[in-house]
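Colleague: Here are the chains, one letter per residue:
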Amino acid sequence: MRSLRVIASVLLVLWSTAPALAQAKPTVKIGYLPTDSFAALFLLADRHLPAAGFNVETVRLAGGPEAVSQVATGQLQLGGSGMGAAGFNAVASGLPVEYVAPLHSGYVEDYFTVRKAVWGNEVKRIADLKGRAVALNVRGAAVEWMLEQALKRDGLTIKDVQIKIMPFPDMVPALESGAVDAAILSEPFPTLAEQKGVALRPLTRPAGAKAMPITAIFWNKEWAVANPDLAHRVMVAYLKAARDLAVGDGWQGDRTLDVILKFTSAKPDVLKKARPHVLDANLEMDPTVLEAMQRFNAELGYLKYKELLPLSKLFNFAYRDRAVKELGRQ
Amino acid sequence: MRRPAARGWESAIAIGSPLLLLAAWEAASAVGLLRAQFFPRPTTIARHFGELLADGSLPRHAGTTLVRLAWAFLLAAVPGVAVGLAMGISRRVRDGLDPLFAVIYPIPSVLFLPLLSFVLKPADAALAVTGAITSFFLIAYTTMTGVQQIDRTVLEAATHFGARRGRLFIKVLLPGTLPFIFTGLRLGLGLALIVVIAVEMVSAQHGLGALLWLSWGLLKVEDMYAALAAIALLGGPLLWALALVRARLLPWLPDVADA
Amino acid sequence: MTLAVPFALLAAWELASWLGVLSPRYFPPPTVIAATLAQLLVEGALLSEALITLTRLAAAFVLAAAPAVALGLAMGLWRPVRGVVEPYIVMLYPLPKIALLPLLLILMGVGEKAFVVTGAITAFFQIVISTVGGVQSIDPRLIEVGRNYGAGGTALFRKIILPAALPAIFTGLRLGLGLALITVVAVEFVTAKNGLGHLVFRSWQMLLTPQMFAAFVLIGLIGLALTRGLRALQRRALAWKPEVGWL
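Protein chains in written order, with this note's numbering: chain A, 1 to 330; chain B, 1001 to 1259; chain C, 2001 to 2247.
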């Protein structure tokens, strides 16, 4: 009887101290998509957050609406996705989600890929894509806006082409077989397609072109407000991750490639040859592009609200600014 | 016969409990127990539904789905009944077609969409025909069973009294088979609706299934619920209309609950 | 069972494909499809996808079967239960359950839970309806006879009601499994990232038609095996009522 009491009290002590022990290290749950454009998030989860004393759990997700809804409901604290209607609608409906920093930017010339077999014959210029099939990986996100920008260069709009939705990896065989004639394709797949002789990227980047923001990270607003110190530390760690990428050969350095490999099935040698993504060392983002994207989504009927949201409602850059101040501008 | 009081209770519960649930949902959403952005209040959904009706978008989507469904049902029903009758009457037809049907029937209908999209260029045609396939087999088989279960003695008696092919068919075979044909049509209509909605979710830009799926992708949650409600409201009246036709044609039959 | 008609069709397809009457890119010859099927099976990729689909199917069925039979029996035996539940069944039956998928995705996230539950709900409705029908169509004289011989309560249930309803229950389980397969494959087609249904979809998008047809054939064979196998099982298990119908 006595030994039972001892055991019981030991268990009781352990039970009551365990939460305290766990609380010593804060936990952050991060949702990601297995694509190398999420490199900053991978570096954050793998390197900088643990270094800052955090427990990190990463959850692999299927796409934008899932990322937004999981962060909005608090199942995850932090997530990333292509900027687009799902995120805009979530913010507009009052869900506790706020975009806080860009995740990656790119140049449309690096994304717009055309099937080699038709380029030069049936399709001599972008306008010849009228009525043809073009691949996008999702509707209502930055890639759709990118396609519109590419088509606009030769007088077409997105309504002039036939959109087929498929994941990035599937676009390469689709370009090969002719299921689509063009695609908005994210690295490393355009490079892969070029290596296979399947497709090419016909657009040249004009001098002084600015990269377009494509993906961004967002977190649960209620969590950030309840844990301002944690949120700040997360942002500082994220800034460090961004600087790992922005400086030197960041995106294609060996350490980065190792981390990318951990979270995706991308091949390092292909990534090395790919055109790098872009992320600003101070996590800056062109606000005019954001406004144009919102307007574009509204025109396509993707938004559930009529009046466009001011930028300040969509993005909360306060944490980013504070982190940049702390680490100093680069 | 059930006592009137008991029947009154049953109707009360039948109407009352769903209303109670809706009221509970309304309350939970209003106070925040249910997150309103993902589970809007039923009144909000109803209002949004009304808005989509008024601006024409919901009727357009519903119309698209109904047209596809009508085609799918027609393509399934007419050949289905014809083939089913043939299979029921002629042993040779049945032996010839049965192996083919038995192999194709268990295949989940949506999988036929790729095949059909290769063959039928207008996207709508491929969607409608996909909806028709499994229904066709269902209706054919049910009709066949209907023919087979006709009491042989009735057939013999009729033949004995001089009824030949044509009259035999119209006066004996068809009336005897009709209840089964209608069961098949009912099941076939339900199945066609399921498949049309499913393929719309996969690859259409218009239609209730497309609206449902696209709204989810854009997190336009109220649209999603409105589409769901519209789909739910679609099935009931269609089946009821079919039941009406059946009651007219086969007035001597009591209401059969289910297959 | 003569396989003349199917063989004739396959032969015609083979010929048409080789001659180019049927575009071989969209309709590869059956021999090519068979070869691809064999190759993919050997490589193991096809089997792992099949396993995923079958696991989802099994989970959906197991989730639905017991509660559905229990509810069906309860509804058949006690009027108050039927009175409360029946309106929901009647209202929700015409709704294609796959339309619930986005709602479930919001509730449970994009993952196995949502996929399996969608399949389970479809099976659930079918099994309940069949079970209720089975109980209700029991010849009242059987029950009378049982009562006359002193059977009451659980004995009546175990010895008379359950065996009498068993054929309908079994049919319901069979139909439910078939519907669950259709739903699971449809869900995979629409939204999953793996499984045979998804493989068909992906191959379609990439126009890898031999692979698409190979997966298609495998699903057909699985469906056929399930329906035939379960019908045979029903015939053996319920040997006193051998006619099982064509469904």
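For the record, the hints were derived by calculation from the structure and aren't laboratory data.
We treat Cβ as the ideally placed atom computed from N, Cα and C, and that holds for glycine.
One thing to keep in mind: the hints can contain errors.
Cut-off 27 Å, straight-line C-alpha distance, at most; resulting in silico cross-link-like pairs (BS3-like, lysine-lysine) [to be verified]:
{"#": "1", "chain 1": "C", "residue 1": "2159", "chain 2": "A", "residue 2": "267"}
{"#": "2", "chain 1": "C", "residue 1": "2159", "chain 2": "A", "residue 2": "29"}
{"#": "3", "chain 1": "A", "residue 1": "304", "chain 2": "A", "residue 2": "196"}
{"#": "4", "chain 1": "A", "residue 1": "221", "chain 2": "A", "residue 2": "29"}
Chain A side only, calculated, beta carbon under 8 Å to chain B, not exhaustive [as the list claims (entries may be wrong)]:
{"#": "5", "residue": "65"}
{"#": "6", "residue": "85"}
{"#": "7", "residue": "86"}
{"#": "8", "residue": "89"}
{"#": "9", "residue": "95"}
{"#": "10", "residue": "119"}
{"#": "11", "residue": "267"}
{"#": "12", "residue": "298"}
{"#": "13", "residue": "308"}
{"#": "14", "residue": "312"}
{"#": "15", "residue": "313"}
{"#": "16", "residue": "316"}
Colleague: List in ascending order the numbers of the hints, as given earlier, that are violated by the structure.
Modeller: 1, 2, 3, 10, 11, 12, 13, 14, 15 and 16
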